[in-house]
Amino acid sequence: MIDPQVVRRDFPILQRQVRGKPLVYLDNAATTQKPRQVIDAMNHYYEHYNANVHRSIHELGEEATHAWEQAHERAARFINARGIEEVVFTKGTTEGVNLVAYAWGLTNLQAGDEVVTTIMEHHSNFVPWQNVCRRTGATLRVAPLTAQGELDMEAFRSLLTPRTKMVTLTGMSNVLGTITPVREITKLAHAVGALVFVDGAQFVPHTYADVRDLGVDFMAFSGHKMLGPTGVGVLYGKREILENMDPFLYGGEMIRRVTVEETTYNDLPWKFEAGTPNIAEGVGLAAAMDYLDKLGMDNVREYEKHITGYAMKRLAELPEVTIYGPPAERRGGVVSFTYGDIHPHDLASLLNERGVAIRAGNHCAQPLMQQLNVASTARASFYVYNTKEEVDVLVEALQHARKVFAQ
Amino acid sequence: MTTDEPQPNAGSAEAMYRDHILEHYRKPRNFGVLKDAHIDHREDNPLCGDDIRITMKLAPDNTVSEVKFQGRGCAISQASASLLTTKVKGMPIDQVKQLTRDDVVAMLGIPVSPVRLKCAILSLAVTRNGIDLYEKKLNPSS
Chain A
1432 MIDPQVVRRD
1442 FPILQRQVRG
1452 KPLVYLDNAA
1462 TTQKPRQVID
1472 AMNHYYEHYN
1482 ANVHRSIHEL
1492 GEEATHAWEQ
1502 AHERAARFIN
1512 ARGIEEVVFT
1522 KGTTEGVNLV
1532 AYAWGLTNLQ
1542 AGDEVVTTIM
1552 EHHSNFVPWQ
1562 NVCRRTGATL
1572 RVAPLTAQGE
1582 LDMEAFRSLL
1592 TPRTKMVTLT
1602 GMSNVLGTIT
1612 PVREITKLAH
1622 AVGALVFVDG
1632 AQFVPHTYAD
1642 VRDLGVDFMA
1652 FSGHKMLGPT
1662 GVGVLYGKRE
1672 ILENMDPFLY
1682 GGEMIRRVTV
1692 EETTYNDLPW
1702 KFEAGTPNIA
1712 EGVGLAAAMD
1722 YLDKLGMDNV
1732 REYEKHITGY
1742 AMKRLAELPE
1752 VTIYGPPAER
1762 RGGVVSFTYG
1772 DIHPHDLASL
1782 LNERGVAIRA
1792 GNHCAQPLMQ
1802 QLNVASTARA
1812 SFYVYNTKEE
1822 VDVLVEALQH
1832 ARKVFAQ
Chain B
9 MTTDEPQPNA
19 GSAEAMYRDH
29 ILEHYRKPRN
39 FGVLKDAHID
49 HREDNPLCGD
59 DIRITMKLAP
69 DNTVSEVKFQ
79 GRGCAISQAS
89 ASLLTTKVKG
99 MPIDQVKQLT
109 RDDVVAMLGI
119 PVSPVRLKCA
129 ILSLAVTRNG
139 IDLYEKKLNP
149 SS
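For the protein sequence lines, the chains are A and B, in the order given.
Note that the numbering used here has the first sequence beginning at 1432, numbered continuously upward.
Note that the numbering used here has the second sequence beginning at 9, numbered continuously upward.
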């Protein structure tokens, strides 16, 4: 089992205090903290070989290009893609969804076609599809959840028909923590001839996501939710599908030959990486993947089950707490809850006084909040450096908030 | 603006919740809906679910003769509505229109973080937009 005390030594920020108390950082589903190894890798890039990639014929340019391509290799290995041609670097998950929704959706969808998704999607995997459906005349079908906050598979199956062209869903809900049965869904979708897009923002950082084993056609994720920097993410796509797609953004880097009359495009994955990329961030993401693979993604998953189970047990001891979503074995490291009639924003402000950072709000998932019939929830989310003692601090801080409100 | 004496813990969120704001949150002033109001406006903040409706009656000299609010949301949004309605009662609406977010923050008497500012000024936005709509209705050409 991962020892969080050992992991914590690598994270300088975890030494800081907030309002005179040790920081208890439980907002990892929003963004994770960064280990020294990632910060050092990025500094090293800027201090030693900062240059543009795929352009400059000089030592620094060649070193930067090599590092950039190595980062793609690293990402391909992390998700078991066939090679770097299947690994497009983006700004983050949102750009990955938009890339596929526009570059694939606008040319492949038409009136009568259907896109199937779920009610628990983050806005970033909902709004782009809603918009592309509106523009193409396709219909967006939304699968509901069971009372326990898991995908209603019976209802989901009934939405799959020969009209279904794309199934797009989260691998793990950022609100409920629900892990979806991606492998099974992919089989069902492929059986009706649909492609599968997985929003991996909360999924890839927390479990081993092997794209070949899962069989998915696309999967997008973000570096900053997996110990890496902001501003970089990955879109995985099967080579034969990416090859047949038009580019999304046009400009430098993505071209092979440009004349006044026409342009031919670069090879994969560069065809989808227009403009000077976020090179230092790519280098940082590769370092984050090294760090996670050293811990072992199966160990990461096991540790999160352990800490999340403990948090759910402790939170359930508070009589007025309502926890949303499935039991710990079937969820990632995310616990959304409400506490009596205290508004989650008020809770978050009071917890901050004790150094505890949580998220409060609708978590960019308004359709789900409407289904849960709550305006907002408080959310604690965990990662490899969180300890049971921190969960105890959270529970004490909640009890204190209750007292403040009960006066 | 005038607040009470400085609190021992002044400036901390705990002090703010414990005293001034929680008091208004639990016992909101001017809570309810006025019938036959001149101004009746409601807005919400979908990001956090705060929701406020303000109704106002005006005297012939265009001062606020009666005002009530109804709503739900966090302590800051509800307390600020309670405080604001107390402040504008009897005020000429031209003066109400001049109120700023700084005035609201001053009434709350605590530092409001940028993230919570939206909660704090929802009632001000509802009041100002309600007055705008009322004036446009009276004078559609302006």
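Quick caveat, the hints were computed from the structure, so don't treat them as lab data.
Check each hint, because a few of them may be wrong.
Unchecked claim - To give a feel for the contact side, a few chain B residues facing chain A, derived at Cβ under 8 Å:
id, residue
1, Phe39
2, Gly57
3, Gly81
4, Cys82
5, Pro122
6, Arg124
Stated by the list, open to error - Listing some non-contacts, in silico: residues in chain A with all C-beta distances to chain B over 12 Å:
id, residue
7, Thr1638
8, Asp1644
9, Asn1675
10, Ile1754
11, Val1835
Unchecked claim - Footprint (simulated), chain B over chain A, 3 or more residues, beta carbon under 8 Å:
id, region
12, 1764-1777
13, 1785-1798
Quantities reported herein were computed from a predicted structural model and do not represent experimental measurements.
Glycine included, every Cβ here is placed at the ideal spot set by N, Cα and C.
Item to check | Hints breached by this structure | outcome: 1, 5, 11
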